[in-house]
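There are 2 protein chains.
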Amino acid sequence: MQFAIVLYDRFTALDAVGPYETLGRLPDSETVFVAEHTGPVRNDSGNLALVAEKTLAEVPHPDVLVVPGGPGQTQQMENAALLDWIRTADATSTWTTSVCTGSLLLAAAGLLEGRRATSHWLALEELGKYGAEPTGERVVTDGKYVTAAGVSSGIDMGLALLGRISGDFVAQAVQLGIEYDPRPPYDAGSPEKAPADVTEFMRSRSRFILGHEQPT
Amino acid sequence: MQFAIVLYDRFTALDAVGPYETLGRLPDSETVFVAEHTGPVRNDSGNLALVAEKTLAEVPHPDVLVVPGGPGQTQQMENAALLDWIRTADATSTWTTSVCTGSLLLAAAGLLEGRRATSHWLALEELGKYGAEPTGERVVTDGKYVTAAGVSSGIDMGLALLGRISGDFVAQAVQLGIEYDPRPPYDAGSPEKAPADVTEFMRSRSRFILGHEQPT
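In order, the protein sequences belong to chains A and B.
Residue numbering for the first sequence follows full-length UniProt numbering, beginning at 1 and increasing consecutively.
Residue numbering for the second sequence follows full-length UniProt numbering, beginning at 1 and increasing consecutively.
There could be a bad hint or two in this list.
Claimed, not checked - Computed spacing ranges between beta-carbons, pair by pair:
#: 1; chain 1: A; residue 1: 75; chain 2: B; residue 2: 54; range: 20 to 30 Å
#: 2; chain 1: A; residue 1: 212; chain 2: B; residue 2: 60; range: 37 to 47 Å
#: 3; chain 1: B; residue 1: 214; chain 2: A; residue 2: 133; range: 13 to 23 Å
#: 4; chain 1: A; residue 1: 133; chain 2: B; residue 2: 207; range: 16 to 26 Å
#: 5; chain 1: A; residue 1: 193; chain 2: B; residue 2: 131; range: 33 to 43 Å
#: 6; chain 1: A; residue 1: 30; chain 2: B; residue 2: 207; range: 33 to 43 Å
#: 7; chain 1: A; residue 1: 29; chain 2: B; residue 2: 207; range: 14 to 24 Å
#: 8; chain 1: B; residue 1: 54; chain 2: A; residue 2: 213; range: 22 to 32 Å
#: 9; chain 1: A; residue 1: 213; chain 2: B; residue 2: 195; range: 31 to 41 Å
#: 10; chain 1: A; residue 1: 38; chain 2: B; residue 2: 29; range: 22 to 32 Å
#: 11; chain 1: B; residue 1: 61; chain 2: A; residue 2: 80; range: 41 to 51 Å
#: 12; chain 1: A; residue 1: 45; chain 2: B; residue 2: 212; range: 30 to 40 Å
If you're looking for bench data, these hints aren't it; they were derived computationally from the structure.
Backbone N, C-alpha and C define an ideal beta-carbon position, used for all residues, glycine too.
For reference, chain A alone in the conformation it holds in the complex:
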């Protein structure tokens, strides 16, 4: 089974690494980081680069594609080469997945029309504009399309998908291997749970978080 994780300029690192550290631990599978060009691809903050091992063209038919989000996603919405690759890969994939605003790229490629899907909480409205039916759930499966909420949700998505692919034992072994027994020191992980002033602050920064504007 081949997993392809897409990288592009100003992606969010944990969006890619969460699914990687779960799905990528499936025995006898291959995981490839792909991008338009091989070599280092810089993340949203610019101080971390992950290396793309193969070009999109070299990995046309992964069994599972994973599209991370990040502020750079807004520019990729007009990248015909990437959207074409997503459509081509999706045509033969077993599972087509995204984390965070990666679902906007799946939607822009025309794959989420009329489908239940999710995204970063700040991007749910925009997701609806592309024809998807946004839900507030953390991981949404509609047919072969699995979309996850913001950034850290890719870990939950990866484990859930592992369970579908290989059964509970493998998924639980991976969970135990990465000791995923979360104990957040605060209960502020969703706009409903966070203190109102924290949620308001993050809303006021949504144009930066979603990449519509760059912080000066």
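Given the structure of chain A, go ahead and fit chain B onto it with the hints provided.
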């Protein structure tokens, strides 16, 4: 405030990226990925490389050092250059931290003598041999030393430390930004919670997980 995250051959990616996506979002801070040599550093599975931007020598006095774990840690236990750097950086750091078996490197550098600390659940016994007092907690703070349990615990550690450094508001804003509202699809994240056969299976593989032996 400068954060230095150490990379070395066969580190575990999420050990580094969890603290990165939490601590690294502190306003007006700088995060640098460091290694003995600059350039791509391959992880435990060999199919992902993160780029080290600076050498250890170029970042002698970070305010916070983060030492990830991974199977490659066993080799680093005998790397005098790395252990020397850890000791030097620790001499002036505000916080000295680790994720997973990264705590074994702190211990080997002589920093955890008589201190309460943690590590990956499979490495707690070994941690005790280096003079630390292992606990089963997910994040352990003893003085300026903050150690976290296996792999994914670096996210909890990063948020807890952010709270100490900058207060609850910043930590909660970061938690909301990465939408860290975990919903693991299984409850198998610790050896006590996982089904007995899953725990037994992972125990049987500990020599590979801890890097004492490479899978053939």
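Here is what the structure says about each hint:
no.: 1; hint: A:75 <-> B:54: 20 to 30 Å; in the structure: holds (28 Å)
no.: 2; hint: A:212 <-> B:60: 37 to 47 Å; in the structure: holds (39 Å)
no.: 3; hint: B:214 <-> A:133: 13 to 23 Å; in the structure: violated (47 Å)
no.: 4; hint: A:133 <-> B:207: 16 to 26 Å; in the structure: violated (48 Å)
no.: 5; hint: A:193 <-> B:131: 33 to 43 Å; in the structure: holds (40 Å)
no.: 6; hint: A:30 <-> B:207: 33 to 43 Å; in the structure: violated (24 Å)
no.: 7; hint: A:29 <-> B:207: 14 to 24 Å; in the structure: holds (22 Å)
no.: 8; hint: B:54 <-> A:213: 22 to 32 Å; in the structure: holds (30 Å)
no.: 9; hint: A:213 <-> B:195: 31 to 41 Å; in the structure: violated (48 Å)
no.: 10; hint: A:38 <-> B:29: 22 to 32 Å; in the structure: holds (31 Å)
no.: 11; hint: B:61 <-> A:80: 41 to 51 Å; in the structure: holds (47 Å)
no.: 12; hint: A:45 <-> B:212: 30 to 40 Å; in the structure: holds (35 Å)
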